[in-house]
Structures are given as C-alpha cells and as structure tokens.
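*Asks:* Let's have the full structure, built from the sequences with the hints guiding it.
Each chain, written out:
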Amino acid sequence: MDIRIKLLATACMGYTLLTLSASLLAPALAGLIIIHSTAGAGMQRLMPALARFMPFLLFVFIARWLSTPGRPLCAALPPALTIEGLQIGMTAGLRLAALVLMSMLLTRTTLPSQFSAGIAWLGRPIPWLPEKKAAIMLGLALRLLPLILQQLKETAEAQRARGVGNRKNPIFRLTCLALPAMRQLFARADHLADAMLARGYTDARVWHVPPLKPRDFFNLFYIGLFCLLLCRLDAFLLSSGVGLS
Amino acid sequence: MSIIAIERLSHAFTNGQTSLTEIDLAVPQGQFVVICGANGSGKTTLLRHLNGLILPQKGRVLIAGQPVQTNLNRARQMVGMVFQEPDNQIVGATVAEDVAFGPENLGLTHLEIKRRVTECLTAVGLADFRHLPPQTLSGGRRRRLAIAGVLAMKPQIIAFDEPFSNLDYPGVRQVLEQMRSLHHSGHTLIVATHDIEKVIAHAQRLIVLDRGRIACDGPPDTVMHAVERHHVRRPCAHRLGQPVSSWLN
Numbered sequence: 377m378d379i380r381i382k383l384l385a386t387a388c389m390g391y392t393l394l395t396l397s398a399s400l401l402a403p404a405l406a407g408l409i410i411i412h413s414t415a416g417a418g419m420q421r422l423m424p425a426l427a428r429f430m431p432f433l434l435f436v437f438i439a440r441w442l443s444t445p446g447r448p449l450c451a452a453l454p455p456a457l458t459i460e461g462l463q464i465g466m467t468a469g470l471r472l473a474a475l476v477l478m479s480m481l482l483t484r485t486t487l488p489s490q491f492s493a494g495i496a497w498l499g500r501p502i503p504w505l506p507e508k509k510a511a512i513m514l515g516l517a518l519r520l521l522p523l524i525l526q527q528l529k530e531t532a533e534a535q536r537a538r539g540v541g542n543r544k545n546p547i548f549r550l551t552c553l554a555l556p557a558m559r560q561l562f563a564r565a566d567h568l569a570d571a572m573l574a575r576g577y578t579d580a581r582v583w584h585v586p587p588l589k590p591r592d593f594f595n596l597f598y599i600g601l602f603c604l605l606l607c608r609l610d611a612f613l614l615s616s617g618v619g620l621s
Numbered sequence: 416m417s418i419i420a421i422e423r424l425s426h427a428f429t430n431g432q433t434s435l436t437e438i439d440l441a442v443p444q445g446q447f448v449v450i451c452g453a454n455g456s457g458k459t460t461l462l463r464h465l466n467g468l469i470l471p472q473k474g475r476v477l478i479a480g481q482p483v484q485t486n487l488n489r490a491r492q493m494v495g496m497v498f499q500e501p502d503n504q505i506v507g508a509t510v511a512e513d514v515a516f517g518p519e520n521l522g523l524t525h526l527e528i529k530r531r532v533t534e535c536l537t538a539v540g541l542a543d544f545r546h547l548p549p550q551t552l553s554g555g556r557r558r559r560l561a562i563a564g565v566l567a568m569k570p571q572i573i574a575f576d577e578p579f580s581n582l583d584y585p586g587v588r589q590v591l592e593q594m595r596s597l598h599h600s601g602h603t604l605i606v607a608t609h610d611i612e613k614v615i616a617h618a619q620r621l622i623v624l625d626r627g628r629i630a631c632d633g634p635p636d637t638v639m640h641a642v643e644r645h646h647v648r649r650p651c652a653h654r655l656g657q658p659v660s661s662w663l664n
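Those protein sequences? They're chains A and B, same order as listed.
When the count follows this note's numbering, it moves up by one through the first sequence with no breaks and lands on 621 for the last residue.
When the count follows this note's numbering, it moves up by one through the second sequence with no breaks and lands on 664 for the last residue.
Honestly, the hints are just simulated from the structure, not real lab data.
The C-beta atom is built at its ideal place from N, Cα and C for all residues, glycine as well.
Relax, there's no trap hidden among the hints.
Computed Cβ-Cβ distance ranges for the label pairs, DEER-style:
1. A:T414 to B:C651: 58 to 64 Å
2. A:P587 to B:R626: 54 to 60 Å
3. B:N486 to A:A406: 58 to 64 Å
*Replies:* Below, the structure written as structure tokens:
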C-alpha cells in the first residue's frame, strides 16, 4: 500500500479506535492480532513487544479505575473500586493496546525511508512545518534508535565492569551512565551530520514518492467506509443496550 | 592539470591549536596517494578540506581547477569520503536505501537512482545483501557499503580516513581489493592512515604529515626510510630489508 494512504488510513483507524466502546474494542483487538499474524508476526513475536507497554497500560487501567466514581464493586473492597471505574479502566486499557498494536503494524510493514517520504509529502501543505527536515529527522531517529540503545548497553556494561554497581547512590550511578553515553551520542551525531554533508545532503533533498494510483484512492475509501460502519455499529449497539459504554 | 591542488593551506582549531600549516600539494588524476602521520598530525583535517567539510581559513583548495567553496555541491559530488567509522556514515535502513542516499541528494530521477544502486552494490559485491539492514553486515562489508554509498555519487576522487581501523584480516583484504579495483578504474585515491603496512604496496605516492606540515613526499620506496622519524612504523618487510608485498598476495 502507498505510504501516504497507509498513514492516512492509520490516522482514520486510530481515530475510530479512540471513539469505539468496549463492546467493539475486544473484537478490534483480535482483528489486529490476526492482521499481525498474516504480516508474519504471530503471538510469539507479538507478546514480548507488547509486554514492554504492559506497565503503562496497567497504570492507565488502574488510574482510571480508581479515579472514576460510581457504584462500589463489592462491599468487602474499598469504595474507590467501582463498577463504572472497572469498565472505563478496561476500555481505556483496551483502546491503548489497540493503538499500540496498530502502530506496531505500521512500523513492521513500513521502511523508515517510506515513512520519511510520506511525512515529507503529507507535511507539504502545512505552512509552519519544515517537512523535509521533519522527514529526515524521523528517518534518522528510526535508523539510529537501535544504535543508541546499543551504545547505552555498552556504556552500562563498561560501568558495571568498573564496579559502579557497588555504589549505593542511584543518582551517582545514573550520572555515570548518562554522561559518557551522552558525550558519545553527541559525538556520533556530529559525525553523522558530517557524513551526510559529505554525501551532498541539503534541505533541497528530493523524496521520491510514486504517483498515486486509482487503486490507492479505492483502498482509502474502503478503509474510511469500514471505520464509518464500525462507528455506526457501535452507536447502534449502545443505543439498543447491547454494548458496553 | 592536477585534479587536487592545495595552495598554502593553513588551519587552526577554535582553541587556537594549529592543525595544518602552509600545505602545498598537487595530486594528478588517477594517482594512489597515501597520507600517513601520527595521531593529531592533521591527516583527517586535510581530508575534510577536500570536500568542503572544513573550508580553508588560509590558502586555497582546488578540485579540478575550481576552489571548493565556490560550489560545495560540486566538490562533494567529485570527492567521495569514506569515514573511519562506517556506522557513523550509514544512514539508510537497508543496504540499498543507504546507497541511494547520495543520488537522492543529487536530485536524480528514480530510475537513475535504482540503476546506480544496483551498479554500485554489484561493484562492491553486496548485491545479494541489498534488502538487509546495514547493522547485520560484517565490519568489512559495512566498510564496502560505505564505499558503495560514495561510489553512487560518481566521484572522481575517493578519500579514505583510516580505512582499516577495527577490521580483521579478511575485512582488510576486502577493502584493499576494492581500493585496487577503484584505482584500476581510474579513480584518484587518497588514503589517510597511521598504519601504512597494509596499503603501501599499492600506493604510488607517500606523503608524511608531522604536526600539520608535510614532512616528506615522494614515491613510497624513497620516502619509506624516513617515516619512523615522524612516528609512523615502517612495514615489517621493509625493516627486514625485503621488498614490501601486497596483503592481497
């Protein structure tokens, strides 16, 4: 699928996921998992990736549960734990999980250069956005993230080898990791900038995006229609009392 | 006419430390030049002047007769630079994407970019790796990818900064083979290194830099005996009084 259509479709589906109620979020989540497995990422690969977001999702779930007033869940439990809070917490958690899955699907099926080209194209009409700079920054961030993580790991190992683990002060330990890592990252950024200049990089860089075909517009139309139908179905389920708000 | 002409070039860093002093140098087209010197002798600073990463504070640098600063894009297209650490040079998410980066910057058509990517990857023997992420390649292959990225801009001069650092023996041989092939195809090669052992058998000219000045300049056979006075180790064979042979033999 063309990257521009893919980005627009992701935005459209993301918005739909944010508006869906709990009754349709669970099937949507299941649908996304199936799409992931057809894209070559089964549950075995998906779960470790999703596990990284689990603390955040749990935090959102618990925060919403505790902060929503309503009927107590059980007389034996504290009154802050409400039935409505549980529903809203689950909806928020499922919603975020679906958004994470969709973003993972997008990054799994798109090369960083395609992202950059798409951002550069979509950012053109926005007057205050330097779209070419934004595109190259995004591409570099995606490309360099593994190298930065590797750098942090190596620095941490070097510090451990020098016995930093024996120090009790966590701020001191953090400083020992952060300072050399930042120094090296800035040096690497300088070298990278030089290398890009040496290879003729300027702000006038051209991003090649193939012209849109009628099929691309049809794809976008079908996805938009699907999202609309999903929203209508959700509204119908809620109004008929079948769905969970 | 020399393809590189450097006239009375001097450079000092912002902290006042002098890195190059009154450098005069002319390199004919197609020559294989090795610039050696100890750390801090000014090798890298000199190379960075060639494609305008550093602009001359004093003196001039001319590439094919034209001062570098009058047209930086032309200088950067004509002088390809392979940096010491390939990871700092590789910007693409895949091997092919990285090679395409330079031609894309030149504003070439999509078809021409594809053609150059295929041609350059074939030239460095990485055509089978085009869809792989660069970080999965070995050190020698990453260095060859950096060379391919430079070749895709069709430069006439290729400058290598410490091209053999962190490479094992097969990696050194791969890079050396590439250099030899580039030289045979008519490119002018400038190799800055403190370790002349690996490359000197292929060079036509040896320049020794010492504290920012050219200390010796000439054919390797005549200059070699003097390099240790300037903190560069002579090749083992030369120390033993034998002819220096290629690492490719």
